[in-house]
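Residue numbers (our numbering), protein chains in the order written: chain A, 666 to 777; chain B, 2 to 115.
To be clear, the hints were calculated from the coordinates, so they are not data collected in a lab. Please read these numbers as outputs of a predicted model, since none were measured by experiment. Every residue, glycine too, gets a C-beta built ideally from N, C-alpha and C. Careful, some of the hints might be misleading.
[Claimed, not checked] Stretches of chain B that chain A covers, calculated by requiring three or more beta carbons in the stretch to come under 8 Å of a beta carbon on chain A: (1) 32 to 44; (2) 47 to 57; (3) 101 to 109.
[Claimed, not checked] Far from chain B, by Cβ distances over 12 Å, these chain A residues were calculated: (4) S683; (5) R721; (6) K776; (7) P777.
[What the hints assert, rightly or not] Under the rule of at most 20 Å between Cα atoms (straight-line distance), these lysine to any residue pairs were calculated in the SDA-like manner: (8) B:K60 to A:Q668; (9) B:K4 to A:P705; (10) B:K79 to B:N52.
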Amino acid sequence: GEQVEQLPSSLIVQEGASVLINCSYTDSASVYFPWYKQEPGKRLQFIIDIRSNMERKQTQRLTLLFDKKTKHLSLHITATQPGDSAIYFCSASIDSNNRIFFGDGTQLVVKP
Amino acid sequence: GPKVLQIPSHQIIDMGQMVTLNCDPVSNHLYFYWYKQILGQQMEFLVNFYNGKVMEKSKLFKDQFSVERPDGSYFTLKIQPTALEDSAVYFCASSLGGAQDTQYFGPGTRLLVL
Numbered sequence: 666g667e668q669v670e671q672l673p674s675s676l677i678v679q680e681g682a683s684v685l686i687n688c689s690y691t692d693s694a695s696v697y698f699p700w701y702k703q704e705p706g707k708r709l710q711f712i713i714d715i716r717s718n719m720e721r722k723q724t725q726r727l728t729l730l731f732d733k734k735t736k737h738l739s740l741h742i743t744a745t746q747p748g749d750s751a752i753y754f755c756s757a758s759i760d761s762n763n764r765i766f767f768g769d770g771t772q773l774v775v776k777p
Numbered sequence: 002g003p004k005v006l007q008i009p010s011h012q013i014i015d016m017g018q019m020v021t022l023n024c025d026p027v028s029n030h031l032y033f034y035w036y037k038q039i040l041g042q043q044m045e046f047l048v049n050f051y052n053g054k055v056m057e058k059s060k061l062f063k064d065q066f067s068v069e070r071p072d073g074s075y076f077t078l079k080i081q082p083t084a085l086e087d088s089a090v091y092f093c094a095s096s097l098g099g100a101q102d103t104q105y106f107g108p109g110t111r112l113l114v115l
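This is chain A alone, in the form it adopts within the complex (with noise of 0.2 Å):
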């Protein structure tokens, strides 16, 4: 089945810095690709998506890349804030089935 890998695992950071999330998968029927993330005690919260005919996507501080040559994916955040501190998740998902593969997630904390 699909694996989906992220890297680095955590990420600490002052905060005004970008920060650059890295996102492999396997399964080249994957065609969308949305992230979450988590902060602690609290719900998965979509964040952004992106489908297999698009190469990327920006809104406000996020901005997503997608190879779907290298299959990778690359999840960039700028100007952070100790409020983007958690748990980032890339996942794919195959069209037929919306059934979503999770990345292990990166822990990502601003300092203030």
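Using the hints, position chain B against chain A.
The following block gives chain B in isolation, referenced to the frame of chain A:
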């Protein structure tokens, strides 16, 4: 954003007993999902449900598991009988459409089987 609710937030039961986890999905959503996350491990898909039927289930969805949504009420995951390895956090999600539609997650139910 849209909120999915889960009841209870925590459940402790003895091995062999039955447990029902309840999910209140987003009101106009049509597709429902359960995921399981064992402490320190990846979140994994269990099952998805649409129009009163299981659409797909993973190998984690054992024979002891069942799902239903009677008359548009809670979407439930029942485990009967429970086993020690069922201890995990169970997340419910719902989406308006199926493929490639955003899934919204509940806060999870932490199940501990003793």
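Could you tell me which of the hints above the structure violates, numbers in ascending order? none
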